[in-house]
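Going line by line, the protein sequences match chains A and B. Quick note: the first sequence uses our numbering, first residue 1, plus one each step. Quick note: the second sequence uses our numbering, first residue 1, plus one each step.
You can trust all of the hints, since none of them are fake.
Using 25 Å as the maximum straight-line C-alpha spacing, the simulated SDA-like pairs for lysine to any residue come out as follows:
hint : chain 1 : residue 1 : chain 2 : residue 2
1    : B       : Lys56     : A       : Arg243
2    : B       : Lys56     : A       : Asp348
3    : B       : Lys88     : B       : Gln110
4    : B       : Lys56     : A       : Thr345
5    : B       : Lys56     : A       : Gly281
6    : B       : Lys30     : A       : Glu179
7    : B       : Lys56     : A       : Phe237
8    : B       : Lys30     : A       : Ala238
A short list of chain B residues far from chain A (calculated; beta carbon distances all over 12 Å):
hint : residue
9    : Pro101
10   : Gly127
11   : Glu148
12   : Glu161
The set of hints was computed from the structure by calculation and includes no laboratory data. Glycine is no exception: its CB is placed at the ideal position from the N, C-alpha and C atoms.
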Amino acid sequence: MLTLSTGNNAVAAAVRQANPAVVAAYPITPQTEIVEQIANYVTNGSLKSKYIPVESEHSAMAACIGASITGVRTFTATSSHGLLYMHEMVNWAAGARLPIVMANVNRALGPGWNVWAEHTDALQARDTGWLQVYVSTVQEAYDATLMAFRIAEDRRVYLPVMVNLDGFTLSHISQQLDESPVSDFIPPMILDHAISTDAPMGYGCMTSSADYFRIRYDIERSMRDSVQVIRETEDAFASKFGRKYSWTEDYRCDDAQVLILSMGTLGKEAEVAVDILRSEGIKAGSMRVRWIRPFPEPDLRDRELVVIDRNYSFGFGGILASSIRAKTGKECYNVIAGLGGQEVTFNDIAGFVRERRIGEESWFGVDA
Amino acid sequence: MYEIRLHSRGGQGGVTAAKLMALASFRDGKYATAAPFYGAERRGAPIVSFIRIDDKPIKIYSQIHNPDLVVVLDPSILDLVNVFEGLKPDGKVLINAPGVPKQAEKYDVQHVDLTGIALKLNLVVAGSPILNTPVIGALAKMGLFSRESAAAAIQETFSDERNLDAALMAYEELV
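The shape of chain A in the complex, shown without the other chains (with noise of 0.2 Å):
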């Protein structure tokens, strides 16, 4: 049956189907609702889980890497800052290749100080060796939580998965959601190389340089080993519940002599504009980006591309914008939009579109 949600509730009963034997959180806005309902259900009872209220974003890291790396399933939540706070060992969690499924609700970065929606907080981890997956509705921040532990834990991946969700505009809207019993999706886990007194094994050592390079090697190719991974749990998922997700959320690109490229739920409205621009004549298509690591490969063509970034890498560009350049050599037009929660609309979007100036990039509502 469907029920109403919010984007952070969603998140919550995912991690309740999923079932994680630790979940070590602190709570940030805006992702406290998240760690909030998860101690609901811990207190009520319908959820399992030890769960460790931490003094730290740090600390409910450490928490997870040293459960995880027993052998059982972990999940955290953090934001912005916290997710800044927990970078080191952020980093750490993917080299010691532990499948922990982290929600990061995207917020902004201070000074000066704003809670709104923004992605660059987690694109700073983007080379963490976590995978990463932006959603853009209620039903997705669920489905994609719970795909987000059967592919870190599978064996040819054993990497860390963030799902990210825009602060606010996501994190606090009730849509409706489908909460179907999920529990024989996710195979029980089981992590090759968890402490064992059967099998002692060195962790955390002093590491040679060429068994420390061997090491980031693995972590490569197996985040090119997920992508076969995430394809097939879409799939899997798709022929079990009937929702498919894709590396982009294509809408009317097919024909498409221009595609507005986007992360979030700016995705979604993009659609939007989409059709007051075909209603135009402007043959426009929408490519939703979900993962960013690993990078898909989308297929651009000969189209002209405009790039909305809610994010910023300084002294270089929108950082979306900037990948999609690198990996297919093509100029855009690349529009930062959305920082700090300033409102988009469809018809903001549709203007970005018509006033394109391929190979320039434009701040929207602070350009002259």
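Chain B: place on chain A using the hints.
Chain B only, in chain A's frame:
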């Protein structure tokens, strides 16, 4: 798509009212989104929530600038905020008041004394009358969703039967 902008003050239950409107719309078989706009909220400050109802999935996450319906839970906000801004030419207004406030006279306005209903039923929490359940009854009367779906949304959310009583009373009293 039908777009509703709801004005209230922090603590009056505007966010819950928005959720109940979305839930009642689901029970009618529609799609709906309830999006409270979060600023620097504090108790008593004017706040706004956005509700969209449609026959197909809703893709818009930005604010509502041209509502079909404006709902005002606290008429004292009329002196602070232009709640009618962007209202569609054929747009409607629902105000919680015993009569039509003069600022609203030139609009297609309906009113009901939700505060009076809540007080009559002693539906009061921490000194504040509960407005978010009676307003659902008034909105059902306006045809936003069925009376049955309104009742279902309230009963799924609250166990105190006075909430449903208040909604049914508002349904009857809407002028």
